[in-house]
Each structure stands twice: as structure tokens, then as C-alpha cells.
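Residue numbers (our numbering), protein chains in the order written: chain X, 1 to 116; chain D, 1 to 113.
Please keep in mind that the hints were generated in silico from the structure rather than gathered at the bench.
Each residue gets a CB set at the ideal place from its N, CA and C atoms; glycine is no exception.
Treat the hints with care, since some could be wrong.
[Said to hold, decoys possible] Among the chain D residues that face chain X by a calculated CB cut under 7 Å, a handful are:
hint, residue
1, Phe18
2, Tyr30
3, Ala86
4, Phe89
5, Ser96
6, Gly106
Residue strings, one per chain:
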Amino acid sequence: GAGVSQSPRYKVAKRGQDVALRCDPISGHVSLFWYQQALGQGPEFLTYFQNEAQLDKSGLPSDRFFAERPEGSVSTLKIQRTQQEDSAVYLCASSSASGVPGVGYTFGSGTRLTVV
Amino acid sequence: GDSVTQMEGPVTLSEEAFLTINCTYTATGYPSLFWYVQYPGEGLQLLLKATKADDKGSNKGFEATYRKETTSFHLEKGSVQVSDSAVYFCALINLSGTYKYIFGTGTRLKVLA
Chain X
1 GAGVSQSPRY
11 KVAKRGQDVA
21 LRCDPISGHV
31 SLFWYQQALG
41 QGPEFLTYFQ
51 NEAQLDKSGL
61 PSDRFFAERP
71 EGSVSTLKIQ
81 RTQQEDSAVY
91 LCASSSASGV
101 PGVGYTFGSG
111 TRLTVV
Chain D
1 GDSVTQMEGP
11 VTLSEEAFLT
21 INCTYTATGY
31 PSLFWYVQYP
41 GEGLQLLLKA
51 TKADDKGSNK
61 GFEATYRKET
71 TSFHLEKGSV
81 QVSDSAVYFC
91 ALINLSGTYK
101 YIFGTGTRLK
111 VLA
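Full structure from sequences and hints, please.
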């Protein structure tokens with residue numbers, strides 16, 4: 001597609017519920033990032049994929065967070081047993097492998113997760 | 001660790017006023033620096049970038065200069081428009097390890113007609 005698509009756009013979850021957030025990157029983009037943006041804050045790095053390989057998951061806040069990209073295209077961020085502190089906008093970004101770092105990254109519009 | 005500090009908002013200006021949004025950073029080595037803009041309901045968009053000391057990034061009338069001696073990357077625009085109202089994020093990428101962004105907390109700009 002023309003851009004990075006994320007779904008759902010909004011998600012309300014009851015505390016303790018599991019959620020799955022989807023990211024469709026730009027076709028052919030090998031790099032994919034997930035970020036978490038709390039209200040009034042800047043995005044914070046969660047995890048990075050190059051094709052299907054998860055090369056960096058240092059930003060995942062707990063073992064309740066899990067991400068996958070099994071075929072090197074669509075990615076899913078899963079949060080188990082959601083807590084109120086998980087409420088945030090979850091952003092996905094993709095990029096081609098070449099070029100200046102940071103240039104050519106396209107961000108999706110995000111999924112706003114609210115845990116009640 | 002690496003970090004980015006931005007001036008707190010909101011910043012409220014009249015149309016055609018001069019804009020400065022301060023940004024300073026802490027990083028090992030020589031990071032690349034960026035400004036992103038987020039319009040209401042939209043995703044983050046790259047506004048401008050600079051990859052080495054003394055580089056000036058510019059786009060849509062905005063500019064910022066990579067100042068290594070003061071570890072700063074302040075965003076400026078000579079004459080703002082109502083359409084510039086948005087949240088602005090300063091960010092860096094450290095060229096060692098994963099090319100992940102470190103973002104500041106964002107500065108909301110509101111321009112009044």
C-alpha cells in the first residue's frame with residue numbers, strides 16, 4: 001500500500017484482557033519498528049524487526065508484551081493481561097534497508113489502546 | 001543513556017510571528033538529529049534532518065542547525081501560519097546499534113489568526 005496501515009485504530013480493553021495490534025508496513029520494507037506513545041509524551045522504542053528476525057526487543061516493558069513478524073511483512077504486537085499503564089498509542093514504522101538512518105521511515109497513524 | 005530534552009509547551013503565537021522551539025540532546029558519538037511533526041489525527045511526519053555537525057536541515061520554511069558544541073538542534077521558522085499548529089518532536093538516532101529513534105516529549109504549537 002501507499003503507507004503504513006495499523007488496525008484497529010482504537011481499542012478499549014478491560015484490565016486483564018489480551019489484545020493484538022496489527023501493522024501492515026509498506027510493501028518491500030525490510031525494517032519494522034514498534035513504539036509506545038503515552039499521553040503527552042514522545043514515542044518510546046519497543047522492538048525492531050529486520051524481515052522476520054526480531055533483532056532488538058530491549059524496549060518491551062515486560063514479558064506481557066510480545067511481537068512477531070512471521071513472514072517478514074505484517075507484524076502483530078500482542079499484550080497479555082493488559083494493565084491500565086498499558087494505555088497508550090502504539091505506533092508502527094517501516095523503512096527500506098538502505099539510506100541514511102531515520103530517513104525513509106514511514107509511521108502509521110497508530111492504535112490508541114485504552115485499558116479500563 | 002541517550003536522551004532528548006525539548007522546551008515544554010504549549011507555545012501560542014500569532015500568525016506571522018517568529019518561532020523557536022529549543023531542543024538539546026545527550027548522546028555518545030555523533031547521532032543524526034531530526035524534527036518530526038504530528039498534525040491532529042495523523043501520523044508522525046519527518047520535517048527535517050541533519051546528520052553531522054554544522055549541517056542545517058530545512059523544509060517548508062522551518063530550519064534547524066546541528067550544533068555539536070552546545071548539543072542543540074533548535075527548530076526555527078521566520079513566519080508561522082495557522083496551518084503550522086501541531087505537535088513537534090525532536091529526535092535522535094545513534095549510529096551504533098539499532099537505528100531506533102530517541103524522541104523528546106514534544107512541544108505543542110498553536111498559531112492564532
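Structure-based check of all given hints:
1. Phe18: 24 Å, violated
2. Tyr30: 12 Å, violated
3. Ala86: 14 Å, violated
4. Phe89: 5 Å, holds
5. Ser96: Not OK, violated: D/Ser96 not within 7 Å of chain X, min 11 Å.
6. Gly106: Hint on D/Gly106: holds, closest Cβ of chain X at ~5 Å, below 7 Å.
Checked against the numbered hints above, the structure breaks hints 1, 2, 3 and 5 and satisfies the rest.
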